[in-house]
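Peer 1: Chain residues, written in single-letter form:
2 protein chains.
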Amino acid sequence: MEVKEISQAVIGRLPRYFRYLGELKDEGVERISSQELSELMKVTASQIRQDFNNFGGFGQQGYGYNVEFLYNEIGKILGLDKKHNFIIVGAGNLGRALGNYMNFERRGFIFRGMFDRNPELIGNDVRGIKVMPMEELESFVRENDIDIAVLTIPKTGAVEVADKLAQNGIRAIWNFAHVDLNLPKEIQVENVHLSDSLMKLSYNINRYMQENP
Amino acid sequence: MEVKEISQAVIGRLPRYFRYLGELKDEGVERISSQELSELMKVTASQIRQDFNNFGGFGQQGYGYNVEFLYNEIGKILGLDKKHNFIIVGAGNLGRALGNYMNFERRGFIFRGMFDRNPELIGNDVRGIKVMPMEELESFVRENDIDIAVLTIPKTGAVEVADKLAQNGIRAIWNFAHVDLNLPKEIQVENVHLSDSLMKLSYNINRYMQENP
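So the protein lines, in turn, are chains E and P. When the letters of the first sequence are read in order and numbered with my numbering, they come out as residues 1 to 213. When the letters of the second sequence are read in order and numbered with my numbering, they come out as residues 1 to 213.
Misleading hints may appear alongside valid ones.
Below, a list of computed lysine to aspartate or glutamate pairs in the DMTMM-like style, where the Cα atoms sit at most 20 Å apart [unchecked claim]:
{"hint": "1", "chain 1": "E", "residue 1": "Lys130", "chain 2": "E", "residue 2": "Glu143"}
{"hint": "2", "chain 1": "P", "residue 1": "Lys164", "chain 2": "P", "residue 2": "Glu143"}
{"hint": "3", "chain 1": "P", "residue 1": "Lys200", "chain 2": "E", "residue 2": "Glu120"}
{"hint": "4", "chain 1": "P", "residue 1": "Lys76", "chain 2": "E", "residue 2": "Glu143"}
{"hint": "5", "chain 1": "P", "residue 1": "Lys42", "chain 2": "E", "residue 2": "Asp196"}
One side only, chain E facing chain P, incomplete, derived with CB under 7 Å [to be verified]:
{"hint": "6", "residue": "Tyr63"}
{"hint": "7", "residue": "Leu94"}
{"hint": "8", "residue": "Leu201"}
Hints were generated in silico from the structure; no laboratory data involved. Model, not experiment: these values are computed from the prediction. Glycine included, C-beta positions come from ideal geometry on N, C-alpha and C.
Construct the entire structure; sequences and hints are all you get.
Peer 2: Right, dumping it as structure tokens:
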């Protein structure tokens, strides 16, 4: 199947459109023009039209976009109409926070298992899922059709765990470990390096203070 | 003071350089060429030189960069040589995960307070910090020289809390609430919308599956 090459910058903006459209839909809004969406989201209307043109434009017809149609179409593009089983490796606070976040289920991400190397955490319950020992990780991934692994472990060990997951058929890793993984290109990786984000904030604070002493 | 305009894309890459240089320093590496750094970080050497030229180039001298000097200089650019007091608003799993993350302290971010509206969480202890009720938030921010607020609360309420923080002198918000804040431009905001990142991963999984059926 031919798929048009879409830049990761455009892809990166789709979830935000999806989020805003979901809120409009929940508020009962049926139609919205690119101009109104532009004001709401604080991006230019031309950016919105350009982004949507990557996907055929979604049929803006003078009086604007149909909100529910647009929401559903962007959801399909994002693959949110499909179910993806995921596991969390690392049952610390961050792993538990993600395991407890119910909204993932609404988006088609089904929480199937949780793993930790700390014997004291084994058997703990996060939203009905018991924490399992690391020794069971590989067979669990193979036998339970797991697509996504969320890595919430320290950077030591993360590379090794990611390699094991890759060898056992994982499709994607959502990586919160403070290390860049180096995996075959068929494994999708999305890094969330929280410290990097905090450092960027620190830069912007200091820059503002220098410019406005 | 004159400050050269640097793109947010370059700023966004600095923390990753800082992270790699910190590891090289810890391993005792004293010098590194842009070529070696390029191979390690999997970005082109020309990208590295371009990025560094925004800050005067850091004195690459044929035999490469001095690792410790470069690490310290990038740290200063990121403002990591300064101390910033921060609080966490929202004492759920995510708030506790961030409060427990010791590395922030090493980067100059000092954990000063934690707040929640849930009476059952008041008084709970996270790394020596007791959770306080929301009623104390505004006076605490004013009286304790708080620069950064980490928002780990649901999206309902987040906009209102952010406005209160802004009125009481906060400089920056690290926003984990699933809503875009709308604050005066003197307040720096860094959004971490975790669901957006997961949706991007979902897109990339589905795209790969369509291209490789």
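Peer 1: Which of the listed hints are not met by the structure?
Peer 2: Violated: hints 3, 4 and 6.
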